[in-house]
Amino acid sequence: MNGFFDIPSDLQHSWIGLVGLHLREALLPVLAGLVLALPLAQLCVRFRWLYPPVLWVTTVLYAIPSLAFFVVLIDYTGQTELTVMIPLAVYSLVVLVPAIVDGVRSVPPETLAAAEAMGFGPVRRYVQVQLPIAVPAIIAGLRIAVVSSISLVSVGALIGNQGALGNLLTDALFYHRTELAVNSVLTTAVLAILIDGLLVGLRILLTPWMPSGARPKPKADRPDPAAVALEDVSR
Amino acid sequence: MNVLNFINAFFSDSAHWKGYDGIPTRLWEHIWYSLLALAIAAGIGLPIGLLTGHTGRGGNALAMIATAARALPSFGLLVLMFIGLGLGLLPVMIPLVILAVPPILVTTYEAVRSVDPSPVDAARGMGMHESRVLLQVELPVALPLILSGLRSAAIQIVSTATIAAYVSLGGLGRYIVDGLYQRDYEKVVGGATLVAVMALATLGVFWIANRVAVSPGVRRSN
Numbered sequence: 001m002n003g004f005f006d007i008p009s010d011l012q013h014s015w016i017g018l019v020g021l022h023l024r025e026a027l028l029p030v031l032a033g034l035v036l037a038l039p040l041a042q043l044c045v046r047f048r049w050l051y052p053p054v055l056w057v058t059t060v061l062y063a064i065p066s067l068a069f070f071v072v073l074i075d076y077t078g079q080t081e082l083t084v085m086i087p088l089a090v091y092s093l094v095v096l097v098p099a100i101v102d103g104v105r106s107v108p109p110e111t112l113a114a115a116e117a118m119g120f121g122p123v124r125r126y127v128q129v130q131l132p133i134a135v136p137a138i139i140a141g142l143r144i145a146v147v148s149s150i151s152l153v154s155v156g157a158l159i160g161n162q163g164a165l166g167n168l169l170t171d172a173l174f175y176h177r178t179e180l181a182v183n184s185v186l187t188t189a190v191l192a193i194l195i196d197g198l199l200v201g202l203r204i205l206l207t208p209w210m211p212s213g214a215r216p217k218p219k220a221d222r223p224d225p226a227a228v229a230l231e232d233v234s235r
Numbered sequence: 236m237n238v239l240n241f242i243n244a245f246f247s248d249s250a251h252w253k254g255y256d257g258i259p260t261r262l263w264e265h266i267w268y269s270l271l272a273l274a275i276a277a278g279i280g281l282p283i284g285l286l287t288g289h290t291g292r293g294g295n296a297l298a299m300i301a302t303a304a305r306a307l308p309s310f311g312l313l314v315l316m317f318i319g320l321g322l323g324l325l326p327v328m329i330p331l332v333i334l335a336v337p338p339i340l341v342t343t344y345e346a347v348r349s350v351d352p353s354p355v356d357a358a359r360g361m362g363m364h365e366s367r368v369l370l371q372v373e374l375p376v377a378l379p380l381i382l383s384g385l386r387s388a389a390i391q392i393v394s395t396a397t398i399a400a401y402v403s404l405g406g407l408g409r410y411i412v413d414g415l416y417q418r419d420y421e422k423v424v425g426g427a428t429l430v431a432v433m434a435l436a437t438l439g440v441f442w443i444a445n446r447v448a449v450s451p452g453v454r455r456s457n
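Here the protein sequences come in this chain order: D and G. End of the first sequence = 235 in my numbering, gap-free, step of one. End of the second sequence = 457 in my numbering, gap-free, step of one.
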């Protein structure tokens with residue numbers, strides 16, 4: 001009963017169960033963030049004056065430490081999974097909006113004009129032309145959002161065992177079992193790398209016209225704002 | 236508003252303003268840890284980033300390091316170091332620095348790489364030494380981006396230092412962690428407010444630094 005994958009029974013899950021729980025707590029918020037970010041980004045593209053204030057608000061929201069965010073929500077949603085997932089959804093939203101805006105803006109005007117000349121309405125033009133061309137930028141944003149989300153779920157352990165694999169860390173201290181902490185860190189890191197790899201694969205599938213494996217070329221004259229915003233985001 | 240009442244109660248209690256667990260002490264601890272970690276991380280990340288950016292070599296290796304570092308869970312790293320090294324400042328400083336170096340390093344590299352090559356060539360043509368090209372031409376132009384890398388590192392340090400209260404570090408996270416254990420929600424929310432204010436103040440400091448340090452010409456062209 002002291003194997004690497006034996007989990008103390010107070011966590012009420014097997015190792016695989018914890019992995020599933022962790023993935024759900026990390027990925028659902030990113031999905032929610034994506035669903036909210038798409039229309040918001042479209043508004044920012046449509047009304048240019050909206051983008052700077054939105055960027056300001058997102059920068060400020062992103063600066064709020066996760067633990068502070070969690071504990072303030074306890075008053076409203078209790079010590080539940082939801083309390084962990086709401087801040088993660090906000091962080092994902094914050095990462096995804098600039099990524100999508102930059103992606104959609106990078107569509108060349110000739111392409112848009114061509115779509116219009118072919119008789120595309122605004123909805124069809126958005127779904128069939130702008131979104132596919134923005135896919136690399138969107139996936140780049142998703143990669144950052146997913147990886148940081150997977151890492152941050154563990155902090156949920158501090159607000160009463162809502163951290164999935166992070167709960168192993170508190171248990172490691174509680175029962176003096178170092179291997180639980182090692183297990184938690186390794187599993188979390190491997191999950192993050194795996195999902196990251198899956199997203200890269202998805203990008204290659206969705207953008208068959210791009211050379212696979214190549215990163216989008218940085219422009220020579222000016223730093224790519226998306227790349228800079230995305231660097232903002234690991235923690 | 237429930238939470239606002241808690242915040243008000245926390246800050247108007249005079250017992251929270253003095254002594255070992257008082258707000259000034261904890262605030263100062265948090266600032267001190269954050270500054271120390273940022274200074275160490277910048278001491279590692281800035282020179283390497285500037286050099287690799289100037290020579291243009293090692294970009295792929297840097298990108299790989301950054302991706303790998305991003306996958307490391309900050310809380311997990313803190314607990315592991317705590318188990319391995321015991322109580323103290325060192326087991327907390329190591330994760331803080333490990334997490335803060337990649338954003339500084341990668342952004343600095345990208346910043347120097349993306350400087351417009353024509354003024355750099357002009358400087359070289361005027362006979363400037365390579366070190367002067369780097370420090371007097373590339374660095375000022377790249378400064379806004381370099382500062383943004385330092386900013387994200389600082390934000391990350393402030394928030395991870397909060398979590399570090401769980402492994403017995405001082406600082407503002409103490410209120411949150413202790414308050415949760417003592418079921419003293421007033422303390423928890425008060426701590427959370429202080430941490431959030433601290434994070435916003437960090438943003439403010441970097442905004443001011445950007446205003447002061449970046450030359451007006453560079454700021455306009457951005």
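Read the hints as simulated data drawn from the structure, not as lab findings. Take these hints with a grain of salt, some might be off.
[Unchecked claim] Okay, the calculated beta carbon distance ranges per label pair:
| hint | chain 1 | residue 1 | chain 2 | residue 2 | range |
| --- | --- | --- | --- | --- | --- |
| 1 | G | 375 | D | 10 | 55 to 65 angstroms |
| 2 | D | 186 | G | 298 | 40 to 50 angstroms |
| 3 | D | 202 | G | 296 | 17 to 27 angstroms |
| 4 | G | 274 | D | 178 | 56 to 66 angstroms |
| 5 | G | 362 | D | 31 | 30 to 40 angstroms |
| 6 | G | 450 | D | 178 | 18 to 28 angstroms |
| 7 | G | 357 | D | 109 | 30 to 40 angstroms |
| 8 | G | 244 | D | 205 | 21 to 31 angstroms |
| 9 | G | 298 | D | 202 | 35 to 45 angstroms |
[Claimed, not checked] Far from chain G by the CB rule (all over 10 angstroms, computed), these chain D residues:
| hint | residue |
| --- | --- |
| 10 | 122 |
| 11 | 147 |
| 12 | 155 |
Positions of the beta carbon are idealized from the N, C-alpha and C atoms, including for glycine.
These are the hints, each one checked on the structure:
1. 375(G) / 10(D): 55 to 65 angstroms: 57 angstroms, holds
2. 186(D) / 298(G): 40 to 50 angstroms: 22 angstroms, violated
3. 202(D) / 296(G): 17 to 27 angstroms: 25 angstroms, holds
4. 274(G) / 178(D): 56 to 66 angstroms: Violated, since residue 274(G) and residue 178(D) (Cβ atoms, about 31 angstroms apart) do not stay within the stated range.
5. 362(G) / 31(D): 30 to 40 angstroms: Violated - the Cβ-Cβ distance for residue 362(G) and residue 31(D), about 57 angstroms, lies outside 30 to 40 angstroms.
6. 450(G) / 178(D): 18 to 28 angstroms: 52 angstroms, violated
7. 357(G) / 109(D): 30 to 40 angstroms: 33 angstroms, holds
8. 244(G) / 205(D): 21 to 31 angstroms: For residue 244(G) and residue 205(D) the Cβ distance comes to about 55 angstroms; the hint is violated.
9. 298(G) / 202(D): 35 to 45 angstroms: Hint violated: Cβ distance 19 angstroms, outside 35 to 45 angstroms.
10. 122: Given a closest Cβ separation of 32 angstroms, the condition holds.
11. 147: 5 angstroms, violated
12. 155: For residue 155(D), whose nearest Cβ neighbour in chain G is about 5 angstroms away, the distance does not exceed 10 angstroms, so it is violated.
The structure fails hints 2, 4, 5, 6, 8, 9, 11 and 12 (numbered hints given earlier, in ascending order).
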